[in-house]
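K.L.:
Protein chains in written order, with our numbering: chain R, 3 to 338; chain C, 101 to 176; chain B, 252 to 614.
Be careful, since some hints might not be right.
Said to hold, decoys possible - Pairs of lysine to any residue residues, derived as SDA-like cross-links and limited to a Cα-Cα distance of at most 25 Å, are as follows:
#1 Lys-273/B / Glu-319/R
#2 Lys-506/B / Leu-163/C
#3 Lys-164/R / Ile-236/R
#4 Lys-362/B / Leu-9/R
#5 Lys-512/B / Asn-542/B
Hints in this document: simulated from the structure, not taken from any laboratory.
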Amino acid sequence: MNKDLILLGHGSGGKLSHQLLDDLIIPTLSGTPATGQNDAAVVTHNGQRLAFTTDSYVVDPIFFSGGNIGDLAINGTVNDLAMMGARPLYISVGLILEEGFSRTALAEILGSMRRAADQAQVRIVTGDTKVVARGSADKIFINTSGIGVLEHNLEISGSKAKPGDRILINGTIGDHGIAVLARREGLELDIDLRSDCAPLNGLVEELIAEGELIHVLRDPTRGGVATTMKEIAIQSQVGITLTESALPLKGAVKGACAILGLDPLYVANEGKLLAFVAPQAAERVLERMRRHPLGKEAAIIGEVTASGPGRVQMETEVGGMRSVEMLAGEQLPRIC
Amino acid sequence: MCLGVPMRVVSIIGDDAVAEIDGVKREASLMLLGEEVRMGDFVIVHAGFAISKLDEEEAQETLRLMREVFTAEDMQ
Amino acid sequence: MNYMDEFRDRRVVLGLAERIRKMAAGRSEPMTFMEVCGTHTMAIYQYGIRSLLPREVRLISGPGCPVCVTPNGYMDKTVAYSRLPGTIIATFGDMVRVPGSSSSLMEERAKGADVRIVYSPLAAVDLAAVNPGKRVIFLGVGFETTAPTIAGSILAAHARGIENYFVLAAHKTIPIPMQVLSADPELRIDGYICPAHVSAIIGANAYRSLASEQHVPCVVTGFEPADIMQGVEMLVRQMVEGRSEVEIEYSRVVKWEGNRKAQEVLAEVFTPYDAEWRGIGVIPGSGLEINAKYAAFDAEKMIPVNVEELREHKGCMCGEILKGKVTPFECPLFAVDCTPESPVGACMVSSEGTCAAAYKYGR
Numbered sequence: 003m004n005k006d007l008i009l010l011g012h013g014s015g016g017k018l019s020h021q022l023l024d025d026l027i028i029p030t031l032s033g034t035p036a037t038g039q040n041d042a043a044v045v046t047h048n049g050q051r052l053a054f055t056t057d058s059y060v061v062d063p064i065f066f067s068g069g070n071i072g073d074l075a076i077n078g079t080v081n082d083l084a085m086m087g088a089r090p091l092y093i094s095v096g097l098i099l100e101e102g103f104s105r106t107a108l109a110e111i112l113g114s115m116r117r118a119a120d121q122a123q124v125r126i127v128t129g130d131t132k133v134v135a136r137g138s139a140d141k142i143f144i145n146t147s148g149i150g151v152l153e154h155n156l157e158i159s160g161s162k163a164k165p166g167d168r169i170l171i172n173g174t175i176g177d178h179g180i181a182v183l184a185r186r187e188g189l190e191l192d193i194d195l196r197s198d199c200a201p202l203n204g205l206v207e208e209l210i211a212e213g214e215l216i217h218v219l220r221d222p223t224r225g226g227v228a229t230t231m232k233e234i235a236i237q238s239q240v241g242i243t244l245t246e247s248a249l250p251l252k253g254a255v256k257g258a259c260a261i262l263g264l265d266p267l268y269v270a271n272e273g274k275l276l277a278f279v280a281p282q283a284a285e286r287v288l289e290r291m292r293r294h295p296l297g298k299e300a301a302i303i304g305e306v307t308a309s310g311p312g313r314v315q316m317e318t319e320v321g322g323m324r325s326v327e328m329l330a331g332e333q334l335p336r337i338c
Numbered sequence: 101m102c103l104g105v106p107m108r109v110v111s112i113i114g115d116d117a118v119a120e121i122d123g124v125k126r127e128a129s130l131m132l133l134g135e136e137v138r139m140g141d142f143v144i145v146h147a148g149f150a151i152s153k154l155d156e157e158e159a160q161e162t163l164r165l166m167r168e169v170f171t172a173e174d175m176q
Numbered sequence: 252m253n254y255m256d257e258f259r260d261r262r263v264v265l266g267l268a269e270r271i272r273k274m275a276a277g278r279s280e281p282m283t284f285m286e287v288c289g290t291h292t293m294a295i296y297q298y299g300i301r302s303l304l305p306r307e308v309r310l311i312s313g314p315g316c317p318v319c320v321t322p323n324g325y326m327d328k329t330v331a332y333s334r335l336p337g338t339i340i341a342t343f344g345d346m347v348r349v350p351g352s353s354s355s356l357m358e359e360r361a362k363g364a365d366v367r368i369v370y371s372p373l374a375a376v377d378l379a380a381v382n383p384g385k386r387v388i389f390l391g392v393g394f395e396t397t398a399p400t401i402a403g404s405i406l407a408a409h410a411r412g413i414e415n416y417f418v419l420a421a422h423k424t425i426p427i428p429m430q431v432l433s434a435d436p437e438l439r440i441d442g443y444i445c446p447a448h449v450s451a452i453i454g455a456n457a458y459r460s461l462a463s464e465q466h467v468p469c470v471v472t473g474f475e476p477a478d479i480m481q482g483v484e485m486l487v488r489q490m491v492e493g494r495s496e497v498e499i500e501y502s503r504v505v506k507w508e509g510n511r512k513a514q515e516v517l518a519e520v521f522t523p524y525d526a527e528w529r530g531i532g533v534i535p536g537s538g539l540e541i542n543a544k545y546a547a548f549d550a551e552k553m554i555p556v557n558v559e560e561l562r563e564h565k566g567c568m569c570g571e572i573l574k575g576k577v578t579p580f581e582c583p584l585f586a587v588d589c590t591p592e593s594p595v596g597a598c599m600v601s602s603e604g605t606c607a608a609a610y611k612y613g614r
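The whole structure should be built from the sequences, with the hints applied where relevant.
P.N.:
Okay, here's the thing in structure tokens:
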């Protein structure tokens, strides 16, 4: 196999992505060890802890049911900051536009970004715009970076999961990925489903009122819930057991996955977070989530165990046990 | 190479049908089925074709037999 | 009632597992049942079926992955086609990562080849219609469930007068290889979990000679977990009662005579030929090729191309795995040198590959 090629799988958030980061990108760019990759960096300046993150958005199609690339660009970065327990404050926006892109489409995307920023209570304070020749970019790419403040002393990180922790999710899985995929050429599913794209910082504020009982927060975006679980299991060196029958799942996502042969555990989400919570607080946190508009279908979907560090397994809906691995490359539709 | 999903037929025009499962609709060709297909029938859809009808009575009978397992057995 | 969820009933699955446990208890030698369909391979792993069965019942995977049983030459030809200018390769997602001698479609796409994933071969016909200046080559791989749909797409292209749609066909049939495996003295197969949707097409009668000549129980089984458990229960019962018959578990879909119309469509477009199976060799009459009447749609006949020299990967045990002689865990390369990100053989990256399933769900 040609090892010099960068493949689509390297950007899909799964095993290949991790390999590229661990083998090349992180060692070259920074001195810090490869383990312990959280959604945002937490740095301390003059005693004030800040969270800093960046993300690029290249989704295709750029308009999908329930949103567009602009919504993702703001909410995704807001969420990365929120997952560290930070209050998101300021966002930068870098636009790369393909020659020939529609100004009307751009206006709509920018309008969405403004609305998303207002809803998340962040300000867009700086940005940059470039135009490249036709064919050098796919319509529009957006990079957003974000700064937030940590106004508490909590250490919320992927390395903080503890045996006994219950794992909570605020709603149904796979909505975003299926909403986007269903419309792709060649698949042609007629489905009434919206992306779940949403800012989670308001919900996070509710949760961190529980203080040190919240150990990990992470949003399962590319690679799905399965990949995120595996990442945390490895970072924290704990085992995780999931309960398939507890996973909230919309009928439409289930049906689309059945037709295309996809596993909803590996499908991207854009308005969901996983919270690892000390057992004594789990029910209380669940109630808090369910009272919030973005958590009405929240559920406890698993727990952390001491055995098998780095291993994730799932009790299937029929009572069997199977292992859960990280997504290898992209998840592709299959007919077998 | 055998993934096939039971879907309910919601519209038929000639050999082309639209079928749905859990609210997800997709086109399915009926050209591989020799028997008559009516609205509301269930078919197994594979790679965009209906490859078989689903016999609902037979399905109910299978379920009935399967469920005997926990009416008769002592479940731990 | 959607006829899917009802067959995922935990109480049924656990109840049947208990019945199996009772029937099989105390046997000195385990019963070994083979499934020969990649969809069964995946479903068994996905639901964790093996964890529910007693140690007296062993499930092994056979040559159920049509991509995996096709030697490297097919993927090499696909790669060669993808490099031709003005060519669109249309394929099911299943094939995209499968390695040939030196490359895969995924890598060729990264280098600029036009590779499109479709859910149905009819979408590939549409692609040909909207791209009149290009050739669309559809990768026709699969058993008897898929072959009629490919045949259907050729008939549709023919009816629409589309001349730039081609199929690179490598279809295989499943009952004959099952005979070959059962006749292999090194293999001990006590019963077959027969494929669900292949059987919907060919009919359960297709396994009668296998059952009677090889004295082996054959149960046509659906893909839902309750179906699989029920199928295993019926196989165990046959063994306990000393029978070797064909039974249909998946009676809501499979008939004894199968789908006559689909069989006619198959016969209209394809003829059997002697196909080569990785690990097994050439099996007479086990492949389907496009016949002379539809030669205009046959990529092999219509589009000449230079294909690189065939290289099978040293150490790859796909062949033995496909016969059920070796499990993925027994292959020294499994999860070490051969992973989904860096595969040595098709079994690790075909979506229905035995090793892919074991890697993703069975560790």
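K.L.:
All hints, please: hold or fail.
P.N.:
Checked hints:
Distance check on the hinted pair: Lys-273/B and Glu-319/R sit about 23 Å apart at the alpha-carbon level, within 25 Å; holds. As the CA atoms of Lys-506/B and Leu-163/C are separated by approximately 18 Å, the hinted pair is consistent with the 25 Å bound. Taking the CA atoms of Lys-164/R and Ile-236/R, the gap is about 12 Å. The hint holds against a cut of 25 Å. Taken as a hint, the Lys-362/B and Leu-9/R pair is honoured in the structure, with Cα atoms around 9 Å apart against an allowance of 25 Å.
Taking the CA atoms of Lys-512/B and Asn-542/B, the gap is about 18 Å. The hint holds against a cut of 25 Å.
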